[in-house]
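S.K.: Chain by chain, the residues run as shown.
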Amino acid sequence: MKKFLGAELFFESLHGLGIKTIFGLPGGYVLKIYDVMPSYASKINHILTRHEQAATHMADGFSRASGLPGIILCTSGPAATNTVTGISTAYMDSVPVLIFTGQVPTPFLGSDAFQEADHIGITRSCTKHNTLVRKTKDLPRAIAEALHISNTGRKGPVLVDMPKDVLLGESEFNLPKKISLPNYIEEPKISKKVLNSFKSKLLRSKKPVLVFGRGACYQENLKNIVKILKNFNIPALTSLLSLGVVDSKVSFGMIGAAGSYASSRLIEDSDHIISVGCDIRKILPKSSLIKKEMTIVDIDSTQLDPLLKKNLNINCSSISFIEYLSKDIGSYKTEWNNKYLSQLRIKNNEAEVQEVSKDSKASIFRILSNLLGKSTVICSDFSYKDVNLQRFYKFSDYRNNILSGGNGTPGYGFPAAIGAKFSRPKSKVVSISTGTNFQFNMQEMIVALEQKLDLTIIVLNDKYSNKSMKYKGPDYKSLAESFGAKGYQFNFDSKIEKNLKKTLHVKGLVLIEVRI
Amino acid sequence: MRHIISILVDNEPGVLARVSGLFTARGFNIESLCVAETEKPSYSRLTLVTSGEDWIIDQIIKRFENMINVIKVVDLTESESIQRELLIARVVPTKTSRSEVLRVADIFRSNVIDVGPKSYALELTGTKDKLEAFVEILRPLGLKEVTRTGLVSIAREKKK
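Chains A and B are the protein sequences, given in the same order.
Under the working numbering, the residue at position 295 of the first sequence is numbered 295, and the numbers go up by one with no gaps.
Under the working numbering, the residue at position 137 of the second sequence is numbered 137, and the numbers go up by one with no gaps.
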């Protein structure tokens, strides 16, 4: 059999597993991979980034926008430690991301060699799994296993550490066809008994409400969810990260402190909360849940509630649960009054309008929502202003709402937008962040320009509302122009809608600063 | 409450750190820990004693079950399992207490595993209480050093 270098095995394995795009930066211990890269250029597209954190966010955005796993390649030491923020972001929101790091040759492990860091130790608590490959022949199996672990069950980041001598060694190429991990439970089995007790609990309840979290965000679920909502006449709510899994016209908005008016009314009036793939206990205050009958469905048994014994805990994937709901319940109608529900919707809209009139700056998100339409991918950071974005922007696809939820990473939005553009090149992608957040990863404009991407960056410069602040931040228009992008600058006034309309669909990399 | 957790894991580098890391992440103390190969050389058994609220221990056990390197986790309660621990003690007796040390060893069914002109090394297996009693009795007789393995435990056969 033909022998391959470890570095070649890396590409052969990725190609064999159907990977087409990787994000990364070269460095000492992975140079062999970059040496052999030209001969794989037709199979695997490598995107050269300017910072490893941004590379991880790109892979993360790539994955969230499409559902495919995101891949990162970088060297050891400083590169690997730079990825930690990105890995943590992916871990918190269960995004399948694979991180390949270079490492010092195995004989030098643990000797404080140049650019050495203990990647396995550092990332142990922020990855689903991580592994150090010790022999060249083990590399294909390790990569296949890592992808399998990352992309099944409760998804999450997996790190593979590859010492230099492993990449330089030679071995035959054997990619396992079937992954056998005896200790790994891909999907917990759902017992008939639990389902039966759920069924009787559901049939008993008069006003149940469904809450979908990010765990329910799968393409397979969409049709069934529509069917359930229609058949049972049951109102649906979402969390911050799953906005759009139910169309914004059907859903009653998101739950939580920044949630909609309707969500708090519905939670209060309901007699049975069914939470699917949502960490509802952390989002809602204990006081509003303590007296409620609840059913918590989660693929991760650690997310189930051990304290509330009277609630029903179902440990299974959202896909099989939602399929069960849509097929096996039979005829069941809730006793929600349709008049009440439609009135609630009207009141909800009124409350939104009222809020916008109180905080006039929030209206920018309504304007953007109207201008950009349904198919636009919105990537944002997590801040007070950006949660307003999620409140007022109307999402109809969860893959269009990309933000770092659990980790709340500043500077996530822009690199994620670049990643999203690679996985969905035909969609319009817009990154919306405040000036401070944008600055975290603004160097990645180079990547967008190098790759000739059509991307729109909206920077909300909030320094202008604060008179005591003398320094108003950089001049974003000239900043963008110095990189080679197009820059625009607008004040937040009555002409903003007209100005945005003119500039939002300009081709190429466009930065629009809005001074609010 | 005190919990004895028995964990079957892959016999690989880094697994112990992974397991103990879960305890440090929650600020829990591990009272004793014992790891060794099992009847299958590819597996190790880890016996761990800790104290904490039941529901937190429950969460930790679920996290163990989700780990790729963990094969099986059992929370052994004290009544339904047998526990043993091994102790080795070095005693430097005075001229008068030399025979007394041997008598005590005899009472506890402890073996002398090393003898020198000045000292004895004694070995004893038993439950935690027995070992502690042994140490207390040896203390005035010239006890110098004690080393213990930590608890190992196995479930009792289920009564029909």
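One or more hints might be untrue.
[Stated by the list, open to error] Negatives, chain A to chain B, calculated, CB over 10 Å:
1. L132
2. L181
3. Y184
4. A362
[Said to hold, decoys possible] Partial selection, computed: residues in chain A whose CB lies under 7 Å from chain B:
5. H129
6. S180
7. S301
8. T334
[Unchecked claim] Taking CB as the label site, the calculated pair distances span:
9. A:G110 <-> B:E39: 50 to 60 Å
10. B:S32 <-> A:L168: 35 to 45 Å
11. B:P13 <-> A:N349: 51 to 61 Å
12. B:F28 <-> A:K502: 57 to 67 Å
13. B:G150 <-> A:N183: 36 to 46 Å
14. B:F28 <-> A:P107: 49 to 59 Å
15. B:L16 <-> A:G484: 31 to 41 Å
16. B:E12 <-> A:K486: 52 to 62 Å
17. A:N183 <-> B:A25: 18 to 28 Å
Since the hints were derived computationally from the structure, they do not count as laboratory data.
No residue lacks a Cβ here, since even glycine has one placed at the ideal position from N, Cα and C.
S.K.: Hint by hint, say whether it matches the structure.
M.R.: Hints and how they fare:
1. A:L132, annotated as away from the interface, has a beta carbon of chain B within 10 Å; the closest lies near 8 Å.
2. The Cβ of A:L181 sits about 6 Å from the closest Cβ of chain B, inside the 10 Å cut-off, so the non-interface label is violated.
3. With a closest Cβ-Cβ approach of about 5 Å to chain B, A:Y184 is found to fall inside the 10 Å limit, against its non-interface label.
4. Under the 10 Å C-beta cut-off, the non-interface status given to A:A362 relative to chain B holds; the minimum distance is some 38 Å.
5. Checking A:H129 against chain B: minimum C-beta separation of about 5 Å stays under 7 Å; hint holds.
6. Interface restraint check: A:S180 against chain B, minimum CB-CB distance 12 Å, threshold 7 Å, status violated.
7. Below 7 Å, beta-carbon pairs count as interface contacts, and A:S301 has one with chain B at about 5 Å; its hint therefore holds.
8. Hint on A:T334 is violated. Least Cβ distance to chain B is approximately 32 Å, over the 7 Å limit.
9. Under the hint 50 to 60 Å, the C-beta atoms of A:G110 and B:E39, about 31 Å apart, miss the expected range.
10. A C-beta distance of roughly 44 Å is found between B:S32 and A:L168, which places it inside the suggested range of 35 to 45 Å.
11. As the Cβ distance of B:P13 to A:N349 is approximately 59 Å, the hint placing it in 51 to 61 Å holds.
12. The supplied range of 57 to 67 Å is met by B:F28 and A:K502, whose beta-carbon atoms lie about 60 Å from each other.
13. A beta carbon spacing of about 24 Å between B:G150 and A:N183 contradicts the range 36 to 46 Å that was offered as a hint.
14. With their beta carbons about 36 Å apart, B:F28 and A:P107 fall outside the hinted range of 49 to 59 Å.
15. Between B:L16 and A:G484 the beta carbons are some 52 Å apart, a value that contradicts the proposed interval 31 to 41 Å.
16. Here the CB-CB span from B:E12 to A:K486 is close to 53 Å, well matched to the stated 52 to 62 Å.
17. For the pair A:N183 and B:A25, the beta carbons lie near 21 Å from each other, so the given range of 18 to 28 Å is met.
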